[in-house]
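Student: Line by line, the protein sequences are chains A and B. Residue numbering for the first sequence follows my numbering, beginning at 1 and increasing consecutively. Residue numbering for the second sequence follows my numbering, beginning at 1001 and increasing consecutively.
Hints in this document: simulated from the structure, not taken from any laboratory. Fair warning: this is a prediction, and the values are worked out from it, not measured in the lab. Please note: incorrect hints may appear among the correct ones.
Claimed, not checked - Cross-link-like lysine to any residue pairs, in silico, SDA-like; alpha carbons within 20 Å at most:
id: 1; chain 1: A; residue 1: K63; chain 2: B; residue 2: L1011
id: 2; chain 1: B; residue 1: K1072; chain 2: A; residue 2: T77
id: 3; chain 1: A; residue 1: K2; chain 2: A; residue 2: K137
id: 4; chain 1: A; residue 1: K69; chain 2: B; residue 2: K1014
Claimed, not checked - Some chain A residues flagged as far from chain B (calculated, every beta-carbon gap over 12 Å):
id: 5; residue: K69
id: 6; residue: Q70
id: 7; residue: R71
id: 8; residue: A72
id: 9; residue: G73
id: 10; residue: I74
Claimed, not checked - Cβ-Cβ distance ranges computed for the label pairs, FRET-style:
id: 11; chain 1: B; residue 1: V1088; chain 2: A; residue 2: A19; range: 26 to 32 Å
id: 12; chain 1: A; residue 1: K138; chain 2: B; residue 2: I1080; range: 31 to 37 Å
id: 13; chain 1: B; residue 1: K1072; chain 2: A; residue 2: K37; range: 40 to 46 Å
id: 14; chain 1: A; residue 1: L35; chain 2: B; residue 2: G1039; range: 15 to 21 Å
id: 15; chain 1: B; residue 1: A1037; chain 2: A; residue 2: K107; range: 20 to 26 Å
Glycine included, each C-beta is placed from N, C-alpha and C at the ideal position.
Given next are the chains, with one letter for each unit.
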Amino acid sequence: MKVSANFSALRKTKWYEYAVRFLLGGSVTVVAGLLAKYYGPVFGGLFLAFPAIFPASATLVDKHEREKKQRAGIKQTTRGRQVAGVEAAGAALGSLGLATFAYVIWKLLPVWNVAGVFIVAVAAWLCVSVSLWWLRKKHWRRPSK
Amino acid sequence: MSAFAGLGDVLKPKSFAGLFGAAPSIALATLGLTIAANGKMYAATEARSMVAGALVFFLYASLCSWLMLRRKLKAMPVTISALAIWLVCSISIWFLVLR
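Chain B extracted, bound-state conformation:
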């Protein structure tokens, strides 16, 4: 996680560095532990839901970018409050499609 964060800090241009803001750092750590504890099929099931979570991440990051660049809002309130939208969208997809 720190390695991906460090890459995001040193790389230029910042639009390229931003790619590392969506690096699979949490997934690599969690899926490795999950495979060891519960097996490959369990981890594959988690990865299926992760596809949906990542698509909602696209909406989240696009919204954050639009709010900061077009609506001229500050980074901290935008990125933290938009997490609620990620949660609502992800749980809705789980409720309507995945479960």
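In isolation and in its complexed conformation, chain A is listed as follows:
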């Protein structure tokens, strides 16, 4: 399946929907910092992988898909839930990329310069995430009912 970008989707997303995600992400950044300060970096570090933005993103996807169907005159639809579920499956693969990002930071940060480690870590996240998505698309088939 071909990956594409639909930039008109940006116009459908309202400013406060971005603001909610920004505020959630910012709040978790502050909370992670405070937890690290009071309970140490071992505990605080867990919250760097807290799924802060994901619930808002999945809820918005569900809402947008339902609104799209309602504009087409379909009142009862499971489309929003299904798309949110598929997006969650993608996030599961992305989380393995996130673990790789953290592993690279953990191992390389003490011995490399900061900018270099961040670039390698982001590249590792992207490579692992996209490769797992591609492998899943290529080899996984939904079992026939």
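Please arrange chain B on chain A, whose structure you already have, making use of the hints.
Tutor: Coordinates of chain B only, in the frame set by chain A:
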């Protein structure tokens, strides 16, 4: 964070866009500030725990996907209530393995 959220909105198919739901947006912001304030070793220690947190994120997202696709539950209650499972699993790993 907004850039990753925007990418997730515009990309298709949605399984690919979902990859950006687990983007390291919070980590990039927090680790940058941590290095400036406490140094590289402190940030590396945080990153070690983040590996565990990210593996629990895998369980969280897989559970959310299963509940929405197979059990036909709505996105908001599923994704919010499953955060409790992320918290319990992460704190358990911290208590049993990391600390």
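Student: Are the hints correct? Go through all of them and say.
Tutor: Hints, verified against the model:
Proposed proximity of K63(A) and L1011(B) is supported: the alpha carbons are some 17 Å apart, at most 20 Å. Taking the CA atoms of K1072(B) and T77(A), the gap is about 12 Å. The hint holds against a cut of 20 Å. For the suggested pair K2(A) and K137(A), the alpha carbons sit about 11 Å apart, so the restraint of at most 20 Å is met. Between K69(A) and K1014(B), the direct Cα distance comes to roughly 17 Å. Compliance with the 20 Å bound is thereby established for this hinted pair.
Non-interface call for K69(A) relative to chain B: holds, since the shortest CB-CB distance, roughly 15 Å, exceeds 12 Å. The claim that Q70(A) is not at the interface with chain B holds, since no C-beta of that chain comes within 12 Å of its own (minimum 16 Å). For R71(A), the requirement that its beta carbon stay farther than 12 Å from each beta carbon of chain B is met, with the minimum near 18 Å. Once the 12 Å rule is applied to beta carbons, A72(A) is consistent with being away from chain B; the minimum gap is 18 Å.
The claim that G73(A) lies off the interface holds: its Cβ sits roughly 22 Å from the closest Cβ of chain B, which is beyond the 12 Å cut-off. The Cβ of I74(A) sits about 17 Å from the closest Cβ of chain B, beyond the 12 Å cut-off, so the non-interface label holds. The hinted window of 26 to 32 Å between V1088(B) and A19(A) holds, with their beta carbons roughly 30 Å apart. Taking 31 to 37 Å as the suggested C-beta distance range, the pair K138(A) and I1080(B) conforms, at roughly 33 Å.
A C-beta distance of roughly 42 Å is found between K1072(B) and K37(A), which places it inside the suggested range of 40 to 46 Å. Range check, L35(A) to G1039(B): about 18 Å between beta-carbon atoms, so the 15 to 21 Å window is met. For the pair A1037(B) and K107(A), the beta carbons lie near 22 Å from each other, so the given range of 20 to 26 Å is met.
The earlier numbered hints are all upheld by this structure, with none contradicted.
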